[in-house]
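A.B. asks: Each chain, written out:
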Amino acid sequence: MEENRILEVKNLQLSFQLDVGTNHVIRDISFHLNRGETLAIVGESGSGKSVTTKAILGLIDDNGAVEEGSILFRLNKNGKEEIVDLLHSTKSFMQKNIRGSKIAIIFQDPMTSLDPTMTIGNQIMESMLEHKLVKSKKEALERTRNLLDLVGIDHPDKRMKQYPHQLSGGMRQRIVIAIALACEPDLLIADEPTTALDVTIQSQILELIKDIQKKTGVAIIFITHDLGVVANVADRVAVMYAGKIVEEGLASEVYYDPRHPYTWGLLSSIPSLDGKEEEILSIPGSPPNLIHPPKGDAFAYRSSYALAIDFEEVPPMFKVSETHFVASWLLHPDAPKVEMPDVLKKRLNQYSHSKEV
Amino acid sequence: MFKYITRRMFWSIVTLFTILILLFLLLQFLPGTPFNDEKLSEASKALLNAKYGLDQPFFSRFGIYMKNILTEFDFGISLSIQRNWMVKNIVLPRLGISVRIGLQALALGTFMGIILGVLSASKKNTWVDTLATLIAIVGVSIPSYVFALLLSYVFGFKIPIFSIIFNFNDPIKSSILPTIALSMFVMAQVTRFLRTELIEVLGSDYIRLVEAKGVSKFKVIYRHGLRNALISVITILGPLTVTLLTGSLVVEKVYAVPGIGSLLVNGILTNDYNVIVMIAFVYSALYITMNLFVDILYGIIDPRIRVAKGA
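For the protein sequence lines, the chains are E and R, in the order given.
Each residue of the first sequence is one higher than the one before, starting from 980 at the first, in the numbering used here.
Each residue of the second sequence is one higher than the one before, starting from 292 at the first, in the numbering used here.
Do not rely on the hints blindly, as some may be mistaken.
[Said to hold, decoys possible] As a list, the in silico EDC-like pairs of lysine to aspartate or glutamate whose alpha-carbon atoms are at most 16 Å apart:
1) R:414 / E:1016
2) R:415 / E:1016
3) R:414 / E:1041
4) E:1033 / R:496
5) E:1189 / E:1016
6) R:508 / E:1041
These aren't lab readings, by the way, just hints derived from the structure by calculation.
Construct the entire structure; sequences and hints are all you get.
C.D. replies: In structure tokens:
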């Protein structure tokens, strides 16, 4: 694993045993995360984003099976670094050394993420005490005060004694973030942290996450179904479809030079703010059933740019630049030249324009 | 919280008052009289009726009844069981043993139910779960007097560890078998409720988050799962008290326990109005107290209720 990498997922394949058959949820994905970097994983429901994060935390349900691959993590233990494979670690190793202490997660819905019968303070302190990061309760209280300050909650002493139902949704998400940061993790997974919030609160939480990264240097995996949300947060973006990564690159590359028809579809379906464009493109059809994954490119069945080979063979990752990779036969040297939809082209022009101004 | 409890207590008293009225009305419909003795002539029956005031008109009897109870807590005298004794003096000495067996059964049943419920929920769909569910189904399906007879046959007769009937010299040891027999239903119900509830709680988002914090499985279940699941289990403790009361009628009979359950059965068999009234009143009071206790317990366990009703 390269020196600056903190996480490397290699050829991960995961499936779930259901009554009706085997659901191939993750079909061979690879990605990596550098120190202090934010990677956004974007995709629609059922594309396998959340399962990937569960696999990183070792929280896959009992009917899930790892078929292949590895998840390498740089574990920093008392100043000594070692590389561990999270996918093949025991449950108790994950619980004692990884979860909460080195990798933490923020869930989607703050209204249901907190235990209703425990005070905020105790919920934040729980992981520090569990992982013996603090020597005394007094130290834990002091740290909790600082955490609440970091996530922008005032009157920390009063808040610590309160219960979740006494706080608003935005406040609760701040608490969930404080819980995640309690043990100063090296990797923070944000699983759609703003989806359940009001739009005004959304931007506050996004700002907060950016701010925290600046202060603590934590690496972040940001899961979302909304490309619009991560535009300002992500350094790199990976687009997932039907258990595969179809496009991966720097945020600027994916936003201003998208190459995969699915990414085009996602970008075109974001409504624009100026209201001049009447047309919002949607992607026709729905994601495929992964109990019987389609042959070839899974997106071909919904794409108007599909080639004959798309229905026969899985496209490999074509290299567009050192950092930009796309899994689509359209990038093959022999493929016919295809342009992105006009609506999107117009819009991207606008974006890059407004960016220059 | 204090205001809430005061209000609940006020309504408890109103309920008890209503019960007194209802009891008196309902007893008018009991067939026969306390003096069902074939040797008594019509004339002597009329004399007895006159002596105990049973020949008075309905409203004047009702007036005396209410006045005596409210002013002196006097439920009158026994008409047939121990004729001319104050009912108070018959019932109150027997109350202790009944309440003790009831509370023991409630505590034992709840405790065992929590253990079985946690085991079966945390080991869902394994043989442990199947076994616990089986025990629960047996406990719910078989009435407590069958357990009572079975226990006294096995541990009183076949393997004589305990005495078959209640022994006055050793009330604690004698209360063990009735307690177990009564607790079976409580245990079964608590197991069933807790299993369902705990499985739901363990599947919730906040448990996911606690797991993601790296908290050990035991603490996840004990500190977060159980506490949240117990909130709804407490709800059934109130209704379960009723099954303890009704169960005790028969179980006390089987073991010849000198409690108020068997006394009530005798009272009904011999039309001893005043005994019936007092015991029914005591049962109602116990049940209402239990419900009040459950409500207070709610507030302790669930902060959402505490604050909402606190003021």
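A.B. asks: Evaluate each hint against the coordinates.
C.D. replies: Here is how each hint holds up against the structure:
| no. | hint | in the structure |
| --- | --- | --- |
| 1 | R:414 / E:1016 | violated, 40 Å |
| 2 | R:415 / E:1016 | violated, 40 Å |
| 3 | R:414 / E:1041 | holds, 12 Å |
| 4 | E:1033 / R:496 | holds, 13 Å |
| 5 | E:1189 / E:1016 | holds, 11 Å |
| 6 | R:508 / E:1041 | holds, 15 Å |
Of the numbered hints given earlier, the model fails hints 1, 2; all others are met.
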